[in-house]
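Enquirer: These are the residues of each chain, in order.
There are 2 protein chains.
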Amino acid sequence: MEELNFIPNLASGPLDVYRNSASFNWKQLKLALEGDIELLRLKYKIWKTLEEDPLFAHHVVTPPVEELKRITQLQLKKINEYKFLTNAMFNASYGKRTRVIMTINEAVQSLNPSVSVKMAIGIYLFSNALLSLGTERHLKFYEATIKDRKILASFSLTEIAHGSDVRLMRTTATYDPRRKEFVIHTPDFEAAKCWVGNLGRTCTHTLLFAQLITPDGTNHGLHGFVVPIRDPATLETYPGLIVGDMGEKIGVNGIDNGFIMFNQYRIPRENLLNRTADVTEEGVYESSFSEPSRILGAALENLSAGRIGIMQESCHSISSAVAIAVRYAATRTQFGERDNEVPLIEYELHQWRLFGYVSAAVVFKLYIENFTRTYLSIVEKSNSGIRVDNLSEAVSEIHAMVSSSKPTLSWCVLEAAQQCREACGGHGYLKCANLGDIRSNHEPTVTYEGDNNVLSQQASNWLVRQYEAALSNRAVDSPLRTVHFLDHLPSIAKSTFSCTDTRQLKTPEFIISTYKWLLCWLLKYTYEKHEAEISSGRTKVQAKSKTQVYRAKTLTRVYGEYLALTFSLQSIEKKDSELQPVLYKLFCLYGLWSLDKHLVELYQGGFANKETAKLLRDAVLELCADLKGEIVSVVDALAPTDFVLNSALGKSDGKLYQNLQKAFFSHPGVFERARWWRDVVPSKL
Amino acid sequence: MEELNFIPNLASGPLDVYRNSASFNWKQLKLALEGDIELLRLKYKIWKTLEEDPLFAHHVVTPPVEELKRITQLQLKKINEYKFLTNAMFNASYGKRTRVIMTINEAVQSLNPSVSVKMAIGIYLFSNALLSLGTERHLKFYEATIKDRKILASFSLTEIAHGSDVRLMRTTATYDPRRKEFVIHTPDFEAAKCWVGNLGRTCTHTLLFAQLITPDGTNHGLHGFVVPIRDPATLETYPGLIVGDMGEKIGVNGIDNGFIMFNQYRIPRENLLNRTADVTEEGVYESSFSEPSRILGAALENLSAGRIGIMQESCHSISSAVAIAVRYAATRTQFGERDNEVPLIEYELHQWRLFGYVSAAVVFKLYIENFTRTYLSIVEKSNSGIRVDNLSEAVSEIHAMVSSSKPTLSWCVLEAAQQCREACGGHGYLKCANLGDIRSNHEPTVTYEGDNNVLSQQASNWLVRQYEAALSNRAVDSPLRTVHFLDHLPSIAKSTFSCTDTRQLKTPEFIISTYKWLLCWLLKYTYEKHEAEISSGRTKVQAKSKTQVYRAKTLTRVYGEYLALTFSLQSIEKKDSELQPVLYKLFCLYGLWSLDKHLVELYQGGFANKETAKLLRDAVLELCADLKGEIVSVVDALAPTDFVLNSALGKSDGKLYQNLQKAFFSHPGVFERARWWRDVVPSKL
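Those protein sequences? They're chains A and B, same order as listed.
The first sequence begins at 1 in this note's numbering and counts up one residue at a time.
The second sequence begins at 1 in this note's numbering and counts up one residue at a time.
Looking at chain A on its own, in the form it has when it is part of the complex (with noise of 0.2 Å):
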């Protein structure tokens, strides 16, 4: 354990009683969820460092909502300089540094989500898509990004009026051969660009997507160009643009999202990214498909990765949420046998409200830890050539399970940090507790990246692709063995509940068995309804639209619960035997708690018998029970440090009323009469 060293020791105190019946130690956990000590010693040696940088120092009063901005700029400028991606680490190969720099993005995250994006936006996503999208001639630009960090950059895509449907996109580039340039026009407001992060206050360039239109008239579609918005040495933005700031939102304020409209600005004909297709001097149009393999791989990395960082964080704001909520119900006593008060934890409704969440965050934990090694080792192989059998397949795959993934953890963690605060009663409405703040900070990822529920029908097109070939005795598209099981859909289909005993329930081969006939229920449910509004005269569109709800929607929340199961199991696996009992346990809790949001299906598919539902209930609230001794330790594990929570409910030090006390009387002007009496009580003349 020598090794953990440098995870400090929690304080002793009235967390003692719950941390000593716990079966296993709580670092070890921490490392297993981290899944590498080396990521694991570069956060805390980040979390250190901005610990003892006053920039990075809280408030206790959220700032203005333009200081906020200032204040994010000033902390990735920061950031830059402490240069915790190392240069070792950025020649390392792409799969080691891609875990480097997305551990560097999870731990700037957690304390302050508004920086992460602006360098997840503004420096990584920008310079992988041009080394994706462009060619040698941009190589000046990806220098100047990653390397000088002289550009920073944003991503405009999303139109007023147009978000998910990028087709209908309607900013133009328009090819002058005359000057060589390309004309970008913006027609009317719906058409300005917009939710363009870094773009309203500091950006230098965008990556800009836009219809590209040939002298001849031809319209070729969205392409990306590298467009020039302010002077980097005064950040004044140049003149044929208007770009404002997109002003206050619910959460993320450090983010100066920004809208831009184009009024005939001209760039280079070099500026287009022209990995794919190009545009000769003449104007005329080429394209030139000459490495599938590698625009494969890009289109996946560009399409993944982004979500993939938004799960890595959502498993870290889930951890903290619980971390708050369960040390909070740990030493937060409220009623109980005459004047003996009991702790919150100690209440069954209590800990049903709070464990399956935190079995969730386990679960995800170590689903998206593996997920994201199995997705870099297909990136790297296909980056570097070597020949990956079933490579768009894969690709595919990869996508249906990001889409799925990202829409079921990312509400799950919403619904996590409502619940916590809820949890933490009115001392969870407070600001000094956090839970606001994490919850408005996660909220956007249920939109961005891909609204959820339009991420979901293209994780439910994939899957019922998939049924089809089932069905009609083709091979399953499935590289990654994800729905491999489709090839036994008659027997899974027939099979039913037949336990007797919560026992039988409590185990991984039960929760995996009846999930893989839920799927196959709801693939058939699915399938059926959408081939009978055909039948009816539907067109392709409309059918689809009738067979979302409690239909492809459930089926998509299904698959990713499926996932994150199917790939923690295989983590548990490998765990040491020391960790395994909780870890199934919680396994066991996180499965059966999700079966219980489908237990209607399981009736209505002829599965369910009419003991199943107190069955599964039972058990769940088993598995709470046994969890009550673990479970403090759990949330050690999945904690931050204590700067890093930055909650007054939830130091790990327990001492819940004096850790409060401290936050009331450190509150500036806390006990000064109100500055602004004199409003409010006139003078009498």
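One copy or two, it doesn't matter: identical chains are merged, so the pair holds either way.
Below, computed lysine to aspartate or glutamate pairings styled on EDC-like, alpha-carbon distance capped at 16 Å:
| no. | residue 1 | residue 2 |
| --- | --- | --- |
| 1 | K540 | D339 |
| 2 | K614 | D596 |
| 3 | K544 | E531 |
If you are wondering where the hints come from, they were derived from the structure by calculation, not from laboratory data.
For chain A, the structure is supplied; the task is to place chain B on it using the hints.
Expert: Frame of chain A, contents of chain B only:
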């Protein structure tokens, strides 16, 4: 319809296409939902007056929390000056006066929830408490509060370590016969009173609840005292008090929630509110139950009035949220057949996400309007000394009703606000959409005035008592007849689902009878579990605790929905025939959409058959499709004026992108270079 001319007409525009398909006049529906034309007129008068007053102008950027407190206090003063509560109204009957006060509260809350909280606590709750808990000697406080508005009060009950369990409060008021004073003392920070609205910066007096201790050392339990806090002329707090502001919260930051510690602080003996008990000058405790019926009525009012106010405000919040989201859905197009884009409202998934909440808004409004009248008439009779049959039973039943309805409504509204935000996509995340503020300001209602989970238990306790009576053939104590159907327990319990067509489900009869079955089954399920726990040797406290999840908690929620259904149905039956078709559709949608969440119990208890889930869910989707042509006019009837709604996405003219453009362009400094640019672009030396 001339009588409704005080309601401004709606501007013609993109929403016309959906408005023209409505089967009813939206102003008439608005009146039907409000229930009283004079109250509706008053609401519009208040909204118009405040719209014309620059002090009530909306803020494009959230002001700092301290400034929010200043503005809120100024707004309260201004509202006092407007005298919306005329002398005639003030001198009207109790019921009439109270409904006027409630209407003013609702109208003000919709503009700035902090002002209405400040007013409700600082003026009305305090003055009512003086009347019900105090005697003649406290009339001077009453006059100074409600007439002269010289006192601004607060309520000090909750302590840092004790919220829901009031018995264990530790602040003491010890009588000192020598100086004929009570000495108030706070033993430590855990016993500091907290969450006291108005205490942090502004109140002059507080109504303190403390353990009354006589010179012989006997503790007589919690009693109310009027305690001076600040000099009204200078707003300086008095020596002997540590009074602080609790700092920033998730929402309602215009309210100065405070905490207070008393250091041997002395108040006159007469400041004890002595209606039910007094301490003689010599220090002898004397209780006096002279007028039991009035005391009961008073108790009823103190317990329930605040919670009814919360439910009225909740109705307003959900109305605003769905109005914004539905108008957005009707004007925002996305995807479609080829390039013919389709408004979001045309998608079944989008209808399903929103229309259930629209139906909830309508059903809740009708329920609460009806219930408020019932409630006020009982209180009025009891106050005026008219004998009310079964008064104490009615008080218990009303407490159970409020204790289930406040959770059911406030949770549903919280979900609605969130779903509406998500349904507006990224644009819904903008402050100028107003969905974030609606949500954050609504959020504390699930915790304050009785935490929803704690209140739920009080409701289920009452329900189980009635069930026990029915089981043993005793009379059910239900003077308001909310559970009189328990007299027919055996026949209800035997009923099963026998529909074969969705038409049979879309009826009040099916919905109400299914709810009765559900309540009977949940009562049995809860009761039998409790008895089993007792038999196995658990204490009552333990048995109750083991009966909450899946049982008592669900029972309370179902009872709350049942109340909303039965009371709104009573109302609908009396409405104009022109309005009834749409009202019945909305009623059925709310009923079936809510039953959808209890399908597991319908299966588990043997009521449902394999087809039930599909039929019920098909019926929900049919109703959504059926309501598509009505829904825009329904939200017109629910929505306040555009000024009050304050949403760039939800304006009644439907000019979505023009309104959004105006919001963006009028943001202060929107196109300015960041004033702090020099901080992030250091000059080269």
